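Undergrad: Which chain is which? The protein sequence lines are A and B, in order. Residues in the first sequence are numbered consecutively from 1, following this note's numbering. Residues in the second sequence are numbered consecutively from 312, following this note's numbering.
To be clear, the hints were calculated from the coordinates, so they are not data collected in a lab. Computed from a predicted model, the values in this text were never measured in an experiment. We treat Cβ as the ideally placed atom computed from N, Cα and C, and that holds for glycine. A couple of the hints might just be wrong.
Residues of chain A clear of chain B, computed beta-carbon distances all greater than 10 Å [said to hold, decoys possible]:
#1 94
#2 142
#3 163
#4 282
In silico contact screen, one side only, chain A against chain B (beta carbon under 7 Å); selected entries [claimed, not checked]:
#5 16
#6 137
#7 159
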Amino acid sequence: MSGPSTFQQLIDDDAKVEANDWMPDHYRAHLVRQIAQHAHSEIIGMQPEAQWITRAPSLRRKAILLAKVQDEAGHGLYLYGAVETLGTTRDDVLDRLHRGAQKYSSIFNYPTLTWADVGAIGWLVDGAAITNQIPLCRCSYGPYARAMVRICKEESFHQRQGFELLQTLCNGTVQQRDMAQDALNRWWWPTLMMFGPPDGASIHGAEAFQWKIKRFSNDELRQRFVDHTVPQAELLGLVIPDPDLRWNSDTDHFDFGEPDWDELTRVINGDGPCNDERLAVRVQADADGQWVREAASVHDDRRSARSEPAA
Amino acid sequence: MTSDGQLFEVFVRARRGVSHVHAGSVHAASAEMALQYGRDLFTRRLEGVSLWVVPAAAVVASQSDGAPALFEPAADKDYRYPAHYQMPDGIEHI
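Next comes chain A alone, as it looks inside the complex (with noise of 0.2 Å):
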């Protein structure tokens, strides 16, 4: 029953694929990649804000923060059981990205210098994930698609905490409000760069809008949050830095300037502000989780030979 014509049909009729469906060989390794890829910007991002918890100005901010990495940490685990239902291991896609051979999106290689950066990365990182993820809940493999409903259900409160914290500076002292401005200048263009290169330069998009993986390019999407962003932008009384931002009452959206393409590239490449640091802090947790992992499975081997029956 199953084969190219089913998968095809699926396709066609907007169904899902499951797990133990033929696909092409194609379609699975981009799927494995993608989600993996997907997977490794969870857990790498936590890092970014991580380093903020022992600093936040109050318990109410620390315990928000916590949750919120907490979740990351979730966004992840979801993600890494949807790869494993392609058939690949979570041992071997941490593995690719131990060695540099599966990438993380590029936006959590750049520092979190101040308290603002956090609320930066939740209103404009989170906000732009958001926008990238929602069409992924329709995407045509059905682990993924059902992921991404929860990850999008929890993603609601990091964005919405992300811009509390941003309005809270802003009514502040003129310290504050500048702080909060300064975040906003560095994180608003690797903020747009998180939506990949101009449609005309994306090596995978062709495939993936084929096979239903994608369902907006890069450029639709980018300028859907930039739509949504400006607006809120003013409500905050913070001016993104991009002179080219003007409303195109002709268009009905917003024009703006071009991100740097290169420094994408660099910074995809691995010649980003904290590309090295990142990677180092997630294969030194791998190596110090290492003794755990050893000892839950001698654990469990001692508990089963105690309980199976005498031969």
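Knowing the structure of chain A, use the given hints to seat chain B on it.
TA: Frame of chain A; chain B shown alone:
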């Protein structure tokens, strides 16, 4: 396994795209038979498009008398919900 077989838990996927959901249990001598019984028992009216059967003994469940201790810590953390945050009037798409 005894000749009487064992209990299997049956999970039904109502339609493509949604998760398998627990429907009930069947007693069967083998996993293959449990699939057949699950089909006969739980999908006579087109309730599903896919079945999973899992030996009931393989299910590890939380203890109901430990439920408060397990789940209560989430009760006082309403900052995990978007509605906890005060948003300005007129804001959209957040």
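Undergrad: Look at each hint and say if it fits the structure.
TA: We went through each hint and held it up to the structure:
1. No Cβ of chain B comes within 10 Å of the Cβ of residue 94 of chain A; the nearest lies about 25 Å off, and the non-interface call holds.
2. A Cβ of chain B approaches the Cβ of residue 142 of chain A within 10 Å, the least distance being about 6 Å, so the stated non-interface status is violated.
3. Listed as outside the interface, residue 163 of chain A is inconsistent with that label: its C-beta sits roughly 6 Å from the nearest C-beta of chain B, within the 10 Å cut-off.
4. At roughly 26 Å from the closest C-beta of chain B, the C-beta of residue 282 of chain A stays outside 10 Å, upholding its exclusion from the interface.
5. Against a cut-off of 7 Å between C-beta atoms, the interface hint on residue 16 of chain A holds, since the closest Cβ of chain B lies about 4 Å away.
6. Hint status for residue 137 of chain A relative to chain B: violated, with the closest Cβ pair at about 10 Å, above 7 Å.
7. Of the supplied interface hints, the one on residue 159 of chain A holds, with its beta-carbon coming within about 6 Å of a beta-carbon of chain B, less than 7 Å.
When each numbered hint is compared with the structure, violations occur for hints 2, 3 and 6.
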